[in-house]
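S.K.: Chain residues, written in single-letter form:
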Amino acid sequence: MLTIEGGDGSPVVISGRLDATQAAAAQSYLDRLAGVVTLDCASLEYLSSAGLGVLLKTHKRLLGAGGRLRLTEVSRHLQDIFSYSGFDQILEIEPGR
Amino acid sequence: MSERAAFPRRIDALAAVVAFTAAAFERLHVPLELRRDVDFVLEELFTNVVKYGRGSAPVAIEILAVAGGVEVTLTEPEAERFDVTRAPVVDTTLPAESRRPGGLGLHLIPRLVDSVKYDYSEPERCSRITFRKTRTCAPRDDAAGDEGATC
Numbered sequence: 022m023l024t025i026e027g028g029d030g031s032p033v034v035i036s037g038r039l040d041a042t043q044a045a046a047a048q049s050y051l052d053r054l055a056g057v058v059t060l061d062c063a064s065l066e067y068l069s070s071a072g073l074g075v076l077l078k079t080h081k082r083l084l085g086a087g088g089r090l091r092l093t094e095v096s097r098h099l100q101d102i103f104s105y106s107g108f109d110q111i112l113e114i115e116p117g118r
Numbered sequence: 261m262s263e264r265a266a267f268p269r270r271i272d273a274l275a276a277v278v279a280f281t282a283a284a285f286e287r288l289h290v291p292l293e294l295r296r297d298v299d300f301v302l303e304e305l306f307t308n309v310v311k312y313g314r315g316s317a318p319v320a321i322e323i324l325a326v327a328g329g330v331e332v333t334l335t336e337p338e339a340e341r342f343d344v345t346r347a348p349v350v351d352t353t354l355p356a357e358s359r360r361p362g363g364l365g366l367h368l369i370p371r372l373v374d375s376v377k378y379d380y381s382e383p384e385r386c387s388r389i390t391f392r393k394t395r396t397c398a399p400r401d402d403a404a405g406d407e408g409a410t411c
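Chains as they are written, first to last, in the numbering used here: chain A, 22 to 118; chain B, 261 to 411.
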């Protein structure tokens, strides 16, 4: 189960599991956003490589238009995934408390 | 003690795989903090079969309780040989503009578990991927492409 809310100037809050079954819906939502997009990951429980693909595609699209994707409230587990995949070098990531 | 189930080769079967894993962890009394990494690896392996496998027979998953964790085996009948432990190395140092998401899943697997082993039976045309995840597994930065690696 995945829910995404917010955007257009306010943080996008993503909750649940971003896996291969939810990647298309997440991509569709994020494709509507522009500028500097903040993704609040406090309630993002799980992220697979399909989810990494969604984040990468979104970040590249935003970069091309002068924006970027930034992640906040990122859990330790997700920080590990981002580190192992090198995403911590290409995305702005703010750890959770 | 172990739990076993078979799943059709469809992406939407992933929810059933996750539910099976959750139930198996509970019945086998496996530490819950291991689940996300096990879910991750199973998703990568299962979706790989769905995307690239040419067979139609269901894919079997067995979860065996071991000291401090689990040993998980994914069995793919009607399989072509593809050793997931020898997947191409992904350059994780490239800038965003040059990055492609493909291959990241297999790249991450050995970093998340204690060991990964690939077996292929030519007569049966059956592939078996076995990985082990325990509480003693430490993060690894040098795990690309090694077979049967241990922490």
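Among the hints, a few may not be true.
Unchecked claim - Example chain B residues on the side facing chain A (calculated, C-beta under 7 Å, incomplete): (1) 271; (2) 308; (3) 349; (4) 358; (5) 359.
No wet-lab data here; the hints were simulated from the structure. Since the structure is predicted, the reported quantities are computational estimates derived from the model, not experimental observations. Idealized CB from N, CA, C, for every residue including glycine.
S.K.: Report the numbers of all earlier hints that the structure fails to satisfy, in ascending order.
M.R.: Violated: hints 2, 3 and 4.
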